[in-house]
Amino acid sequence: MIPWLTIAIALPAVGAVLVWALPRVTATSPARTVGEASASAAGGGTTTATAVRPAATATGGGASAETAKRLALGFSLATLLVVAAMALRFDTSQAGGLQFEEVHPWIPRFGIHYAVGVDGIALALILMSVILVPLVILAAWKEHEDRSDGGRGYFALILALEAMMIGVFAATDVFLFYVFFEVMLIPVYFMIGRYGRGDERSKAAIKFLLYSLAGGLIMLVAVIGVYVIGGSFLWTDLVGEGSALAAVDPATARWLFLGFFIAFAIKAPMWPVHTWLPSAAQSSRPGTAVLLVGVLDKVGTYGMLRYCLELFPAAVSWFVWPVVGLSLVSIIYGAILAVGQNDMMRLVAYTSVSHFGFITLGIFALTAQAQAGAALYMVNHGFATGALFLIVGFLIARRGSANITDYGGVQKLAPKLAGVFLVTGLAGLALPGLAPFVSEFLVLIGVYAFSPIPAVIGVIGVVLAALYILWMYQRTMNGPTKEGLSGLRDLSARETWAVAPLVALLLVLGVYPQPALDVINPAVERTVDIGAGTVADGGSEGAAGAQEEEGDEE
Amino acid sequence: MIPHMDLPVITEAPPQLDWWLLAPLVTVFAAGVLGVLFEAFAPKERRRGLQIGLAVLALLATFVLLVIQVGMLPADDPGVTVAAGVLAVDRTVIFLQGTITVLALVSLLLISERRDGRDAFAAQAATVPGSEEERAHILAGSQHTEVYPLVLFAVLGMLMFPAANDFLTMFIALEVMSLPLYLLCGLARRRRLFSQEAAVKYFLLGAFSSGFFLFGAAMVYGYAGSVNFGEIRAAVEAGGAEIFQGGNGEPLMLMGIGLVAIGLLFKVGAVPFHNWKPDVYQGAPTPITALMASCTLVAAFGALLRVFFVPFGGSAESWQPMLWVVAVLTMVVAAVIAVTQRDVKRLLAYSSVVHAGFILTAVVANSTDGLAGAMFYLAAYGFTTLGAFAVVTLVRTKDGGQELGDLDRWAGLGRRSPALAGALTLFLLAFAGIPLTSGFIGKFAVFEAAVAAGATPLVVVGVLSSAVTAFFYVRIIVVMFFRDPEEEGPTVVRAGAATGGVITIGVAATLLLGLYPGPVLDNLLPSSESGGEPVAVMVDQASTETSSE
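Chains as they are written, first to last, in this note's numbering: chain A, 1 to 554; chain B, 1001 to 1549.
Treat the hints with caution; some may be incorrect.
[To be verified] In silico negatives: residues of chain B with every beta carbon more than 10 Å from chain A: (1) F1171; (2) S1466; (3) V1478.
[What the hints assert, rightly or not] With a straight-line cut-off of 35 Å between C-alpha atoms, the simulated DSBU-like cross-links for lysine-lysine are: (4) A:K203 / B:K1398; (5) A:K207 / A:K412; (6) A:K207 / B:K1398.
[Said to hold, decoys possible] Partial list, derived from the structure: chain B residues whose beta carbon lies under 10 Å from chain A: (7) A1042; (8) E1045; (9) S1131; (10) I1434; (11) G1462; (12) R1475.
No lab work stands behind these hints, which were simulated from the structure alone. All C-beta atoms, glycine included, are put in the ideal place defined by N, C-alpha and C.
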């Protein structure tokens, strides 16, 4: 049997090491240090960077950086192929259970295993991650040419992060999950702090790291608690009626649930612990932001679904309403703040706070449609927000600014760019026909079945979404062309290739979401069963009903 | 030939010494004495080479002897006591002694490192700083090769400290360990007044805490009628020596435990007995700081574990509340103070205090798991901290002069010397307890033991203070990697083979114990199956007698 998941984890990890260790073009002339100093003074993405670029490329970077990038792209594509091959072998009829399982003892004293396996949701999220990574690499191709290392460190970090992203979704040992969960912070920390944008980046990186670490450490107590009570770290040992964890008294279960939940809420990011995200996104390169918001934050919602709900069914009912309340606040609050942003990266980050509100709302509504919608939303949001960040990134690369007020009338100069911007923006506001609509609709239906009022409040978020997206589009793309924008290039071939697959996916999943739902639904059914067992008024109609309903929507 | 193991029979007659079991200690002691003789008789120019060779050989031999010893211990028995029951030889002790030996060996590399013919120590410590005499000695290239025998004597004390099986031996070990360290602290080549101040502070406070320890031992003697750990344990379980009826000796015992604890907690640097640490760590020559931060900490914690688990293990409920308070204070206070530190060595000192707090949570657990967790933590932390201090020795002022401790001036180090800054980053991440480093496994092990023993609130405090400490570790990374290099920034002197070796060993150990800790956890540490009480795997005299009968 081929260890698909291990290969998928190992491949980018090896790639990261290779890219990082590739022999550097050594230039010891004094000119190099001058170039280095001025390049670093320019920091990221400001207008001076362009002036420094010729000098820097003449001295540092050079051929080996180009090789490094190609190597990075190659490894990410190879990983995509491996995961795609794995996905084809995935047995959809068994999507509720774990497949491609591998279990090897790692630290026997504490019963820790290297255990991986995927169910439908995990597979979908892994697939989303490996699709995003090559596109991010492609989009970031020219971003770091003014650096002394030509950005090779950045690409190595992306690959390292990819390995961890696959690992975190595939882990079926709570300890292994925790390891990936925490270690993932380190590459992102460097991607923001070292390779980020603007002067605030090191502050934003620290804020990001400390928030996440604090959450992770609280989760560590809960992880230890799970082991002490459950006697094992293997997920398969911990879930189900017969496990020692299921027999724990509800008070303890609540504490453990809370320990996990705080970490996931910070990651997700849920109001009121979302404040790290806007600053992190603002200081990120667009590629970093794609991976941060598109994939890393999904670990939070995935964790709620996989760990909070399934490990502590006894505690779920107690938390349903508080979490629904927080989700609603996130939806409205994120949307209102998004409307008021001038920095486009921040704006997209706040839209994500709002969207994540929908996801957590769907998860904790505990109905089949809502959870299926939430799981699908995770995937769709990754593509939609990823594309939006990339497009904003292309704008920033042209003008050197993320401020909406610096733009205007881009449509006339760069129609292709504006078109893609519009499509991804409309995906962000869940226009019917585009992928996020299906998931948002499912969430709202499911939530309505759970209780009408949250669904009604959620719809307000949908309305606000139209406001922030369309208003941003109007201010940047329409109207008279702002000064300083003349000669703005349209999308280059590379940039087109970076966003085209995402736009295609948004369209395809928008009109034909069935393949994704086929994979996701059986896994959702499992968690809903657990939730339904404890919440009397859970109202779980079964996933089959959900499937038929979307058939009608199309 | 190796004599047989089930020897020690306690008699009234002059004690039969099992030299084989004492061999590791005797080796270090003999090498120390020989080193003193070298000072007296070996020609000046050859002393340094001889001393280093002798010290390295002695420590290597000690390590080999320890490995052979552990192989000879009876499989079903934790170990034996030796020399009329004053020293314990069990797997726990041998693990700690082995750790100390290896760490001392690595520190020795740092201590022996020379740059431009100069090591980290004053040319002639007896001269007044800044005097003509001092300059003359520097020009003449004088050096203190006495450092090596002093280190060996200190290591002897450290090896004895966790092995002691009665309070008197433990006190002697404490002094044998401390006295050479007081001296070594005052020997720095640069900033000599600072160094001397550190030595005096360390000496005064250390002497004071030794007094507490001795006073406590006397109280315990009054209560139990013996200084032997096995007999004290029996007395504690019986409610005091025969003269105390109905448990009315308990105040004596409590005072004894408290005073002994002060002596030990001072050595590990727990709050509120931590005040010496930052000053001494900063003032002492960095290689000596490294030795203290790794080996001394292991030895002190070894002794602390032994005292609380063996003689006082029977009345855990009487000392656990005290350790709860101390552990919480240690973790919280040190973490908060550390945030404001600007000097790398002071910061590492406070970090070491916080780590002591983490290990104390495992002591509170009072279980075999706690013991094993603390042991693993000590070994893991020892290697990481050695590596970190080795990096500190390399970062110096622009003219290649003294070490540059001021953090603000480390800006841009990551761009100038990525490898060095990368290594330090790894060590800092290990301190912060990021997974895939040894620090994380250690933290997990001690916290797991504490949660299993019901000390979950303590662990919650622990993780919160971890989050605070992460802030200042991360800040160092920020300064190194995310800030632009300064004009007057530090230069990094090229790592000599020895210092480079220390950093490499530190990196290797940090990663290896983080990625693949299984072999150490499974084979070298007491397993949880041997019973909940840690005394099951630690010998005292009582258990030896029952096993030999």
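Hints, one by one, checked against the model:
With 10 Å as the threshold on Cβ separation, the claim that F1171 (chain B) sits away from chain A holds: the shortest Cβ distance comes to roughly 35 Å. Residue placement check: S1466 (chain B) does not keep its beta carbon more than 10 Å from all beta carbons of chain A (closest about 5 Å). At roughly 5 Å, the least C-beta separation between V1478 (chain B) and chain A is not larger than 10 Å, which violates its mark as non-interface. A distance of roughly 28 Å separates the Cα atoms of K203 (chain A) and K1398 (chain B); the hinted pair therefore holds under the 35 Å criterion.
Distance hint between K207 (chain A) and K412 (chain A) is unfulfilled; the C-alpha atoms sit about 39 Å from each other, more than 35 Å. Under the criterion of a C-alpha separation no larger than 35 Å, the hint pairing K207 (chain A) with K1398 (chain B) is consistent with the structure, at around 32 Å. Interface restraint check: A1042 (chain B) against chain A, minimum CB-CB distance 45 Å, threshold 10 Å, status violated. The closest approach between the C-beta of E1045 (chain B) and any C-beta of chain A is roughly 38 Å, which is over the 10 Å cut-off, so the hint fails.
For S1131 (chain B), the interface hint is violated, since its Cβ never comes within 10 Å of a Cβ in chain A; the closest pair sits about 42 Å apart. Among the interface hints, the one on I1434 (chain B) holds; its C-beta lies about 6 Å from the nearest C-beta in chain A, closer than the 10 Å criterion. Because the smallest distance between the Cβ of G1462 (chain B) and any Cβ of chain A comes to about 8 Å, under 10 Å, the interface hint for this residue holds. For R1475 (chain B), the shortest C-beta to C-beta distance to chain A is roughly 7 Å, which falls under 10 Å, so the interface hint holds.
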